[in-house]
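Please construct the entire structure, taking both the sequences and the accompanying hints into account.
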Amino acid sequence: MATNKIKVDALVVGGGISGMQTALDLADQGYQVALVEKEASIGGKMIALSKVFPTLDCCSCITTPKMSAVAHQENITLLTYCEVDHIKQNGKGFIVGATNKPRYVDMDLCTGCRQCEYVCPVDLKNPFDNNLGAIRAIRVPFSTAVPQKVVLDIDNCILCGKCQTACAVDAIDFTQQPEEIMIETDSILLATGFEVTPKDAKKEYGNGKLLNVIDGLDMERLLAPTGPYGHVLRPSDGKEPDSIAYVQCAGSRDETLGVEYCSRVCCMYAIKQAMLLSGALPLADITIYYMDIRAFGKGYEQFYQNAKAMGIQFIKGKVAKIKEDENQNPVFRVEMVDEGGSVVEHTHDLAVLSVGMLPSFDPTPIFNVPNDTDGFIMTPDQNFSASLTMIPGIFAAGAATGPMDIVDSIMTAGSAASAASAYIKSQQNGKEESSSKIADLQKESQHA
Amino acid sequence: MSIRVDPDLLLEIKEYGDGEVETCFNCGNCTAICPFTTDDYPFPRNMIRLVQIGAKDKLKQSIDPWLCYYCGDCSQTCPRGAEPGEIMMSLRRWLTAQYDWTGLAKKFYTSKAWEIGSMVVLGLLVAFLALFLSGPIVTDQVELNTFAPVHIIHIADLILAGFLTFFIATNVFRMHKNIMWDGMDKKVPLKLYFTEAWELILHTLTQKRWIQCDEDKEEKEGISKWLTHLLMMSGYGLMLIMVVFFLNWFQTDEIYSFWHPQRLLGYYATAVLLFGSGSAIWGRIKKNTQLHRFSHLSDWIFPILLLAVSITGILIHSFRYFGLPIATYYTYIIHLAFVAPMLVLEVPFGKWSHLYYRPLAIYFQAIKEKAKQEQASAKTAPASAD
Numbered sequence: 001m002a003t004n005k006i007k008v009d010a011l012v013v014g015g016g017i018s019g020m021q022t023a024l025d026l027a028d029q030g031y032q033v034a035l036v037e038k039e040a041s042i043g044g045k046m047i048a049l050s051k052v053f054p055t056l057d058c059c060s061c062i063t064t065p066k067m068s069a070v071a072h073q074e075n076i077t078l079l080t081y082c083e084v085d086h087i088k089q090n091g092k093g094f095i096v097g098a099t100n101k102p103r104y105v106d107m108d109l110c111t112g113c114r115q116c117e118y119v120c121p122v123d124l125k126n127p128f129d130n131n132l133g134a135i136r137a138i139r140v141p142f143s144t145a146v147p148q149k150v151v152l153d154i155d156n157c158i159l160c161g162k163c164q165t166a167c168a169v170d171a172i173d174f175t176q177q178p179e180e181i182m183i184e185t186d187s188i189l190l191a192t193g194f195e196v197t198p199k200d201a202k203k204e205y206g207n208g209k210l211l212n213v214i215d216g217l218d219m220e221r222l223l224a225p226t227g228p229y230g231h232v233l234r235p236s237d238g239k240e241p242d243s244i245a246y247v248q249c250a251g252s253r254d255e256t257l258g259v260e261y262c263s264r265v266c267c268m269y270a271i272k273q274a275m276l277l278s279g280a281l282p283l284a285d286i287t288i289y290y291m292d293i294r295a296f297g298k299g300y301e302q303f304y305q306n307a308k309a310m311g312i313q314f315i316k317g318k319v320a321k322i323k324e325d326e327n328q329n330p331v332f333r334v335e336m337v338d339e340g341g342s343v344v345e346h347t348h349d350l351a352v353l354s355v356g357m358l359p360s361f362d363p364t365p366i367f368n369v370p371n372d373t374d375g376f377i378m379t380p381d382q383n384f385s386a387s388l389t390m391i392p393g394i395f396a397a398g399a400a401t402g403p404m405d406i407v408d409s410i411m412t413a414g415s416a417a418s419a420a421s422a423y424i425k426s427q428q429n430g431k432e433e434s435s436s437k438i439a440d441l442q443k444e445s446q447h448a
Numbered sequence: 449m450s451i452r453v454d455p456d457l458l459l460e461i462k463e464y465g466d467g468e469v470e471t472c473f474n475c476g477n478c479t480a481i482c483p484f485t486t487d488d489y490p491f492p493r494n495m496i497r498l499v500q501i502g503a504k505d506k507l508k509q510s511i512d513p514w515l516c517y518y519c520g521d522c523s524q525t526c527p528r529g530a531e532p533g534e535i536m537m538s539l540r541r542w543l544t545a546q547y548d549w550t551g552l553a554k555k556f557y558t559s560k561a562w563e564i565g566s567m568v569v570l571g572l573l574v575a576f577l578a579l580f581l582s583g584p585i586v587t588d589q590v591e592l593n594t595f596a597p598v599h600i601i602h603i604a605d606l607i608l609a610g611f612l613t614f615f616i617a618t619n620v621f622r623m624h625k626n627i628m629w630d631g632m633d634k635k636v637p638l639k640l641y642f643t644e645a646w647e648l649i650l651h652t653l654t655q656k657r658w659i660q661c662d663e664d665k666e667e668k669e670g671i672s673k674w675l676t677h678l679l680m681m682s683g684y685g686l687m688l689i690m691v692v693f694f695l696n697w698f699q700t701d702e703i704y705s706f707w708h709p710q711r712l713l714g715y716y717a718t719a720v721l722l723f724g725s726g727s728a729i730w731g732r733i734k735k736n737t738q739l740h741r742f743s744h745l746s747d748w749i750f751p752i753l754l755l756a757v758s759i760t761g762i763l764i765h766s767f768r769y770f771g772l773p774i775a776t777y778y779t780y781i782i783h784l785a786f787v788a789p790m791l792v793l794e795v796p797f798g799k800w801s802h803l804y805y806r807p808l809a810i811y812f813q814a815i816k817e818k819a820k821q822e823q824a825s826a827k828t829a830p831a832s833a834d
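Chains as they are written, first to last, in the working numbering: chain A, 1 to 448; chain B, 449 to 834.
Among these hints, one or two may not hold up.
Unchecked claim - Restricting the straight-line Cα-Cα distance to at most 25 Å, the calculated cross-link-like pairs of lysine to any residue (SDA-like) are:
hint, chain 1, residue 1, chain 2, residue 2
1, A, LYS321, B, LYS508
2, B, LYS508, A, GLU255
3, A, LYS308, B, PHE473
4, B, LYS735, B, LYS818
5, B, LYS508, A, LYS125
6, A, LYS323, B, GLN738
7, A, LYS203, B, PRO483
8, B, LYS462, A, GLU260
9, A, LYS125, A, GLU83
10, A, LYS321, B, TRP658
11, A, LYS323, B, ARG528
12, B, LYS508, A, GLU83
13, A, LYS321, B, ARG741
14, B, LYS818, A, VAL343
15, B, LYS735, A, GLU255
16, A, LYS316, B, TRP658
17, A, LYS203, B, THR486
Claimed, not checked - Non-contacting residues of chain B with respect to chain A, defined by C-beta distances greater than 12 Å in every case (computed):
hint, residue
18, CYS482
19, ASP488
20, ARG497
21, VAL574
22, LEU638
Stated by the list, open to error - Okay, the calculated beta carbon distance ranges per label pair:
hint, chain 1, residue 1, chain 2, residue 2, range
23, A, SER342, B, VAL568, 27 to 35 Å
24, B, ILE649, A, GLU240, 49 to 57 Å
25, A, ASP338, B, GLY565, 47 to 55 Å
Treat the hints as calculated values from the structure; they're not laboratory data.
A quick note: this is a predicted structure, and the numbers were derived from the prediction, not measured.
Glycine included, every Cβ here is placed at the ideal spot set by N, Cα and C.
Below you can see the structure in the form of structure tokens.
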């Protein structure tokens with residue numbers, strides 16, 4: 001196995017909106033940055049979303065320029081389809097081992113012309129569309145992917161060789177092996193993002209087996225201009241739903257799932273989707289079942305009020321159970337908390353679970369960066385230096401540190417870049433860091 | 449309408465069980481998951497809310513806690529771990545204490561020393577009394593009726609029955625006053641008490657509402673809890689009738705043939721009592737069902753007493769069968785020492801009181817509903833005549 005070595009000032013793990021912003025903020029200051037992303041394209045969760053709240057800007061339109069900026073910033077070494085294996089302390093800096101997974105395509109030769117994709121006979125569920133649409137075994141991950149290069153899903157490939165014949169530049173190489181990369185860096189920034197509550201988490205909501213019970217990310221794809229159908233259609237029969245209902249806190253604030261925290265984004269994304277649905281399906285009834293609406297950010301409360309004014313119905317009460325009727329319509333059982341407390345059964349065409357945010361990456365097997373009790377990376381000084389972890393030289397940004405929306409993710413990305421910049425400078429100038437409460441905490445944890 | 453608020457109500461209720469009233473954020477999950485919820489009785493959340501705001505009077509007038517059979521769906525799915533099912537259980541204990549004018553129920557539920565102490569004292573007292581009043585000890589053969597003459601025991605039985613009737617009747621009167629008089633704006637017509645009496649008999653004998661609890665469950669929990677409970681109740685019902693009204697026939701030195709109804713009935717009752725109390729104790733040790741996860745002292749004492757009574761009963765029977773006079777006599781004394789506290793303390797003041805409170809609550813609910821229906825139809829009738 002060939003080993004490549006690179007030396008940088010900062011390594012950013014994760015190429016979502018937080019990681020991209022962190023990398024850009026550091027690179028723009030002149031630092032050498034390596035950005036490691038496990039997927040074949042950067043963009044993270046945000047590039048798959050439809051619109052952002054509360055401005056209703058198009059997500060692709062904001063994210064794609066950021067992705068291009070990362071790709072074109074000459075101080076950034078972009079390592080996609082690459083995963084971090086181990087981290088070792090190296091004086092005050094680190095040595096990071098990462099593996100470049102084989103794409104079975106020569107990155108230098110591939111032009112992204114997609115001729116291979118057009119001839120590939122294997123149709124698969126498209127993970128970018130949350131498995132709602134279809135994609136080929138060899139493909140550009142999605143239309144605005146960066147880098148715009150194909151990747152071959154070797155597990156599902158039938159090795160027919162059609163792509164090889166179609167490729168004009170002879171870029172397809174079925175013999176590619178994983179490549180190891182050694183990255184020597186002064187600092188590490190973890191922007192590893194989040195996962196959402198699995199659909200089968202709650203048996204009261206059908207264990208993920210009810211076809212017309214989808215989650216918030218599914219709905220994002222249905223609403224996105226680049227989505228699988230170009231329409232909002234329900235999965236069981238492809239019908240346009242006349243009545244769509246949201247189940248709030250389907251994965252947050254729920255002790256039975258071990259998630260006691262509020263995921264902070266679900267109220268707002270449900271309201272946003274409800275608004276977009278009012279546009280996409282003007283005749284549909286849209287209902288949001290909630291425990292509390294938490295519209296805490298700038299412009300959020302107004303956004304909520306607008307949604308109410310638009311005729312979106314808000315019902316206070318936690319949905320206790322979803323069953324299915326003979327037409328596969330989801331039937332909700334809920335207490336009308338604000339209306340005398342009687343229990344009703346409401347039938348809708350399509351149910352959307354407002355799933356919550358869960359930690360996606362646990363760094364502890366790779367390096368001792370402590371997690372908080374909620375499973376997200378611990379940032380002990382939340383009030384004054386929110387991006388500092390318990391290890392000097394390792395910083396965290398975005399939803400890796402806890403549930404947050406895009407606005408906050410970008411803010412913490414800037415904060416992490418700024419903290420890392422100060423750290424790198426002090427290391428390179430041979431100065432000790434200033435003593436602070438957090439430095440003491442970090443020292444204590446290192447001695448422990 | 450004003451509500452008098454008692455800020456200490458929450459602390460008071462917490463003495464009666466393990467629920468976490470203060471963690472509830474009123475999402476309504478428990479009410480919506482409950483198979484018994486109706487528009488007029490949307491529990492458990494409304495009950496928890498009443499505790500949270502300290503609406504003591506409203507709580508006293510509630511039927512809802514008696515309509516819950518603790519299947520545990522609410523506790524299992526509560527997003528706050530507030531244990532609504534256990535709160536309902538605490539409320540049943542608390543209501544029992546509210547109905548009881550002597551204050552003994554409250555003492556038993558809130559003080560372990562009182563509960564165990566009074567059981568022990570009464571048990572010993574009965575044992576000494578029985579020893580003191582006992583007849584000559586015949587050792588040639590088993591003559592239990594010479595040792596403990598059946599007519600004396602029968603008199604004691606009737607005194608006991610009178611005692612129980614007095615306390616149960618007065619407590620039930622208070623329950624009725626709370627629910628049917630204080631809890632309603634209008635008195636219901638008397639005739640409804642007769643027309644709905646069938647409900648009382650039906651629910652006492654079948655407990656059929658409980659079946660609803662087991663319905664709609666994906667994982668069945670072995671033999672249905674309803675059936676176990678019904679068998680156990682048939683056992684002690686039978687025993688109670690035989691011992692209180694037919695003691696002459698039941699307690700005899702003559703050993704009947706195996707197929708004699710006296711022996712068959714006795715065996716049946718003993719078997720189901722052993723099974724019922726044994727499975728209750730086993731469940732509480734294993735904590736393997738929602739119903740058995742939390743155990744208040746009163747939840748232990750009741751099945752343990754039942755088990756002890758059954759076992760000593762079996763021993764008396766076997767000793768007599770094998771002709772061991774001394775062993776028979778002393779086991780009989782021990783048997784009485786368990787029976788007396790079980791009947792005297794558990795039935796009117798303890799957990800066993802649910803035997804009449806629960807069917808009565810369902811009966812009162814039926815009357816209330818009927819009255820409501822009649823009122824509604826009385827209102828619409830003149831309107832349609834216009």
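Now for the hints, and whether the structure bears them out:
1. LYS321(A) to LYS508(B): violated (31 Å)
2. LYS508(B) to GLU255(A): Violated - the C-alpha atoms of GLU255(A) and LYS508(B) are around 31 Å apart, more than 25 Å.
3. LYS308(A) to PHE473(B): holds (24 Å)
4. LYS735(B) to LYS818(B): violated (40 Å)
5. LYS508(B) to LYS125(A): violated (59 Å)
6. LYS323(A) to GLN738(B): Holds, at about 23 Å.
7. LYS203(A) to PRO483(B): holds (17 Å)
8. LYS462(B) to GLU260(A): Judged against 25 Å, a Cα distance of about 24 Å means the pair holds.
9. LYS125(A) to GLU83(A): holds (23 Å)
10. LYS321(A) to TRP658(B): holds (21 Å)
11. LYS323(A) to ARG528(B): holds (23 Å)
12. LYS508(B) to GLU83(A): violated (63 Å)
13. LYS321(A) to ARG741(B): holds (23 Å)
14. LYS818(B) to VAL343(A): Roughly 21 Å separates the two Cα atoms, so the pair holds.
15. LYS735(B) to GLU255(A): Since the Cα atoms of LYS735(B) and GLU255(A) sit roughly 20 Å apart, the hinted pair holds (cutoff 25 Å).
16. LYS316(A) to TRP658(B): The given pair, whose Cα atoms are some 30 Å apart, is violated under the 25 Å limit.
17. LYS203(A) to THR486(B): holds (24 Å)
18. CYS482: Violated: least Cβ distance 8 Å, not greater than 12 Å.
19. ASP488: violated (9 Å)
20. ARG497: violated (8 Å)
21. VAL574: holds (48 Å)
22. LEU638: Since the minimum Cβ distance to chain A is about 30 Å, LEU638(B) lies beyond 12 Å and the statement holds.
23. SER342(A) to VAL568(B): 27 to 35 Å: violated (48 Å)
24. ILE649(B) to GLU240(A): 49 to 57 Å: At roughly 55 Å between Cβ atoms, GLU240(A) and ILE649(B) fall inside 49 to 57 Å, so the hint holds.
25. ASP338(A) to GLY565(B): 47 to 55 Å: holds (49 Å)
The structure shown violates the earlier hints numbered 1, 2, 4, 5, 12, 16, 18, 19, 20 and 23.
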